[in-house]
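**Student:** First to last, the protein sequences are chains A and B. Residue numbers for the first sequence follow my numbering, beginning at 58 and rising by one. Residue numbers for the second sequence follow my numbering, beginning at 29 and rising by one.
Each hint should be verified, as a subset may be incorrect.
[Unchecked claim] Interface residues of chain A toward chain B, partial, derived using beta-carbon atoms under 8 Å: (1) K182; (2) P379; (3) G389; (4) V393; (5) F418; (6) V420; (7) L424; (8) M429; (9) V443.
These aren't lab readings, by the way, just hints derived from the structure by calculation. Backbone N, C-alpha and C define an ideal beta-carbon position, used for all residues, glycine too.
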Amino acid sequence: MLDATLSTTGAQGRRHYDGEFILEVDGVRKEFPGVVALDNVQLKIRPGSVHALMGENGAGKSTLMKIIAGVYNPDRGEVRFAGEKLVIRTPIDALNCGIAMIHQELNLMNTMTVAENVWIRREPKGAFGLIDHARMGTMTAELFASLNIHLDPLAIVGDLTVAQKQMIEIAKAVSYNSDVLIMDEPTSAITETEVEHLFAIIRDLRARGVGIVYITHKMNEIFEIADELTVFRDGKYISTVPASEVTRDDIIRMMVGREITEMFPKVDCPIGDVILDVQNLSLPGVFDNISFKLRKGEILGVAGLVGSGRSNVAEALFGVHPAETGDIWIDGEHVVMTSPQVAMDHGLAFLTEDRKETGCFLVLDCLENMQMALITRDKVNGAGFVQQAEVTRLVQEYSAKLRVKTPNLAERVENLSGGNQQKLLIARWLLTNPRILILDEPTRGIDVGAKSEIHRLITALAGQGVAVLMISSELPEVLGMSDRIMVMHEGRVSGFLDRAEATQVRVMELAAK
Amino acid sequence: MQDTYTTGAEIKAAPRRLPPEVNILFVLVGIALVFEILGWIFQGQSFLMSIDRLKIMILQVSVIGIISVGVTQVIIAGGIDLSSGSVVGAVAMFAMSFAQVSTYARAVYPDLTDLPAIVPIALGLMAGALVGLINGALIAYAKIPPFIATLGTMVTARGFAKWYTKGQPISFPTDDFAFIGKGMMPVAIFLAVAAIFHVAMKYTRYGKFTYAIGANQQAARVSGINVEHHLIKVYVVAATLAALAGMVVAARGQTAQAGMGLAYELDAIAMAVIGGVSLTGGRGSILGTMIGMVIFGVIISGFTFLRLDAYYQEMIKGVIIVAAVVADVYRQKKRTKKS
Ligand SMILES: Nc1ncnc2c1ncn2[C@@H]1O[C@H](COP(=O)(O)OP(=O)(O)OP(=O)(O)O)[C@@H](O)[C@H]1O
Ligand SMILES: [Mg+2]
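Based on the provided sequences and hints, a complete structural model is requested.
**Tutor:** Quick look at the structure:
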């Protein structure tokens, strides 16, 4: 038995482990009130390989990773590391043993600098044991240089984009020099360029003998990076296979237990009058001179690299961070978009990119989370009482439609899996019956089955005349779902592409221009 | 939108699980039983079997209970209100100056005749609301941390109370005004206030928004809640309830002094915390706070009953408050870690 607390800091490295598996999970069970999250699962990771872990939303992937990383304790079963039984009680134990993890949700301190975030708990000490900030800065710069990340170590994390924060998480995890690196959906919020970048880092780590557990809902990534893959379904182990021996459909069948017919069920529907007309919208230093028109029934996809200002434009349209100059016309009416209330009064809805920061009320239950936007302007009587019976019925209808997996609606949202939280937020906005729907990474963290379900919903809404503005870092999604694509580059619109002329290459050309 | 999507299984709206307040209720029962047993051992009599004692116990805590109902809302919204104790003092003075009978020399307005009780009460509530408005505006618009903003009004309101009569107490209110403090009136007022806000927090938009803001202010804003307006409402409610409490104490003692309500804000916060209201916001309930208030009352009257020295009482009160917070932190941890 390896006593975690006796080992030194994470950097000792057991790099030359000769056994077959660096990490073995056997017979693990974990129950939460009302759900069996994991039931007798196994997972075996070879050193120097990338092992993909697949499964639908709520299949138990994150739960198992949190058990390995010491966040939860299993009810039964064991975890072996380099052949020895491991007793991990806290995340620090896990790090000391050589297991690092990138969590599904961002865990950075927004008010602190990039460097402070990376080296937290391991700050280099100088005279009198005080933190040596200069060295911490150079250490960060060196780390970033080795990973080819271009970020200012002294920037305040809160000012960065979600994708940049994700890159910091990756760099931080790599800096532990661990033997096992767990990545829980690291690519859900970054664009192709960063994904390529991340894969380069992963290949390098693999060559250095690190065992990597990689969780994703993006199928194409599996074939690009994974050596082996394990599938879970409803908390149960299904099977482990070499990635080269299966097809995409095989994986989906193992995950879902049924066939998923079409991926992007986009139906062409009549496109009506202009409903949103944006002219010369600018916010100095963020985006510049954005003009576009959105029509009823149209799905306008927005593509671009990280930092191209896509999300900022969406925030300006919804009044979260208003633009400084420019005009917004909705149905021919000039609207000064000063707050989300104004936006909602004009029939807008806005699914934000970062579900933890600006989406979920983590300590509230599913019902409250889903109904909150609706009751700001509807389903409340004159005395301020919420018409709960009716609202609950609507909420139940939408949770069934979106297949939200939860024991009941009184469950706290923090206990839901990431993908299910996302579904819940989509439901929140669909419940408001918007005329203009702004979606920022709508299928972030959502499994293949549910994804095509959500795409079907979006198309159906467009068919009813709802105008959709959809930001997505997943090119196949943008290409598959949009009637038209607006590509952004460094805060400007670099071009529009029609559905017929849009290809991966042309979008990338415009995005990198 | 019809049958194009496959429909998942029906999801139950609520489980058959006990509400979280039940835990706190158990604590209350446990503590009461401890005092009962200690009572038989050390005093040779029952602690609980005395209606008079129970009456006094409830009376003692209901004034602070009124404040606590407001403070609970502030804490659920993610804030804190330190000004309530001073509002008690300031409004007691202010309202009493309009409630005095004219047969005595009036402290502030010598020319006034007897006013109907509604006048001082309305003026007092308005004064409280004004303090709440200032608190709310400082916090919501000037973005001053609640701790600092309400610390400022706490000091200022206490200063006002002393300046108002240059330190002289104000006594002899009209019978009508004194009525709100008579007999079990404070308990009745508390119950009414608690019932109103229990319903408001659970079933109205006001309550839902309060929880939402405390749980995640950013998400609340993006969901279309006017966070600034709402925070002002919550602080106005809290300060108005503190004002009401101030008038009840003044009416009960038939006198107002500048030092009244000292440290009441801390007891009110303690009641809420003991009742399961989380200082990180978004969690807790009026019902929980009510139970917390009774726990507080049982402990105080229990110690008095056991003839424990007042000094010990204060020290133990402090320990209990900390223990309540520790218990809250532990509960939160347990939910996720071990389940
Ligand atoms: N702390 C918790 N308390 C209660 N239930 C939980 C808790 N954590 C997870 N669960 C439940 O366990 C199940 C598995 O969740 P998990 O987060 O492991 O799913 P996942 O496979 O990572 O899904 P996703 O792809 O959506 O991220 C879900 O049904 C979830 O609701
Ligand atoms: Mg997960």
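**Student:** Against this structure, judge whether each hint is valid.
**Tutor:** Against the structure, the hints come out as follows:
1. At about 29 Å, the closest approach between the beta carbon of K182(A) and any beta carbon in chain B exceeds 8 Å, and the interface hint on this residue is violated.
2. The restraint placing P379(A) at the interface with chain B is violated, with a minimum CB-CB distance near 13 Å, outside the 8 Å limit.
3. Below 8 Å, beta-carbon pairs count as interface contacts, and G389(A) has none with chain B, the closest being about 23 Å; its hint is therefore violated.
4. Of the supplied interface hints, the one on V393(A) is violated, with its beta-carbon coming no nearer than about 16 Å to a beta-carbon of chain B, more than 8 Å.
5. For F418(A), the suggested interface contact is upheld, since its CB lies about 4 Å from the closest CB of chain B, less than 8 Å.
6. About 4 Å separates the beta-carbon of V420(A) from the nearest beta-carbon of chain B, less than 8 Å, and the hint is met.
7. Evaluation of the L424(A) hint against chain B yields a held restraint, the C-beta minimum of about 7 Å falling below 8 Å.
8. With 8 Å as the threshold, the beta carbon of M429(A) comes within range of chain B, its nearest partner Cβ sitting at about 5 Å, so the hint holds.
9. Taking 8 Å as the C-beta cut-off, the interface hint given for V443(A) holds, the closest approach to chain B being about 6 Å.
Violated hints, listed in ascending order, are 1, 2, 3, 4; each of the other numbered hints is respected by the structure.
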